[in-house]
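Produce the complete structure using the sequences and hints provided.
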Amino acid sequence: MSSSSPKSIEQLDRNFQSTQADGSTLRWIDAFDASQVALRGLAWQEENAPQRSFRRLPDRAAGSLPEAVQTLSRCPAGGFLSFRTESHQLSVRVKLGQSTYMRHMPHTGSAGVELYLRDGFRWHPVATGRPVPGSDIYEVELLKNALVEEREFRLYLPLYQHLDELAIGVDPAARVEPLPVPEGQKPIFVYGTSVTQGGCANTAGSDFISIVGRVLETEIINFGFSGNGRGEPEVAELIREIDAEMFVLNFMSNCPPDLLPGRLPRFIEILREAHPLTPIVIVGFPCYDALAYDRKRYDDSVSRRDTTFDVYIQKRKAGERHLHFIEGFGLGPVGKPGTFVDGVHPTSGGFLEMGDRLADQLEAIRLW
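Mapping of the sequence shown onto our numbering: position 38 corresponds to residue 38, and the numbering continues sequentially without gaps.
Among the clues, some could well be false.
[What the hints assert, rightly or not] For lysine-lysine, the following BS3-like pairs were computed, each having C-alpha atoms within a straight-line distance of at most 30 Å:
#1 Lys-186 <-> Lys-296
#2 Lys-336 <-> Lys-186
#3 Lys-144 <-> Lys-95
#4 Lys-296 <-> Lys-336
Hints in this document: simulated from the structure, not taken from any laboratory.
Structure representation (structure tokens):
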């Protein structure tokens, strides 16, 4: 019997190794260099840019919202760099504000970044920037030996970790151009819970918000707050600052049951005061595997689902023409192996089905 210490999987199988970037052969571009890359998916990015902040909240709102929301806002879920380049190699350099492990979510999703390129009419995943265990800094090669031709890229930011710094590395002579928001396009704003934030996607670009954004070829603002999307009026006051294509509300599973009957209609009213014609979409309580065996969860879901639908019907009867309802029970891939981590939070496989189903319904609302 050998007395040598156990080897890591990276030592046993080189395919699990991350290729470190050769920084000496690259030109590094900061995420806030608007002349070369566009930082998108963060609603107040321009306002926060002077502070080099990746926060999903405007810095000025920090003291007016619950502490948990402020903390979670430092996770740039849904944010991405959008750019075009001819570089035959591409690396990333990341500094996290923290490096903590979640017991039920891969570190590649919570703290990693993911690169996509446009291949014709579809977005194709390229590679994931894998964090270094125990470190808040990592530098990883994402693309090498590519044909020297101009392509469009999206680099998705971490879903559940604070981000302090990010830069991409390219060929020294490569041209890099930002791909800003197309003229006239407005973002879709989604306010919700841990599932909205991206728990528990395997990678940073495989949460349902990012998937819907690629399917609909638009920018989605991810305003999901894990355990803390509770429909506070203060949040609605902030969200209504945004000129969105539509507002999607998916916070019902976090809002306390005794507050939901009052908070949901008030939330809609606050948004409507500033946006009289913008579609507001209520997504009903989602169905997930745990409802099949947890009676308390099941009863709670039925109650919240009924309350949500009652609010929708009452508003429609009162003349609210631009309010829509999407049945949440039809979004989750219930009963399929590998689609939920803990019976509640989807994996990337679960998010893929959820994203495709939601995108179809949001597109129908667009046409409506």
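A quick look at each hint next to the structure:
1. Lys-186 <-> Lys-296: Given that 30 Å is the threshold and the Cα spacing comes to 40 Å, the pair is violated.
2. Lys-336 <-> Lys-186: violated (35 Å)
3. Lys-144 <-> Lys-95: holds (22 Å)
4. Lys-296 <-> Lys-336: Holds, at roughly 22 Å.
Going down the numbered hints, you'll see the structure goes against 1 and 2, while the others check out.
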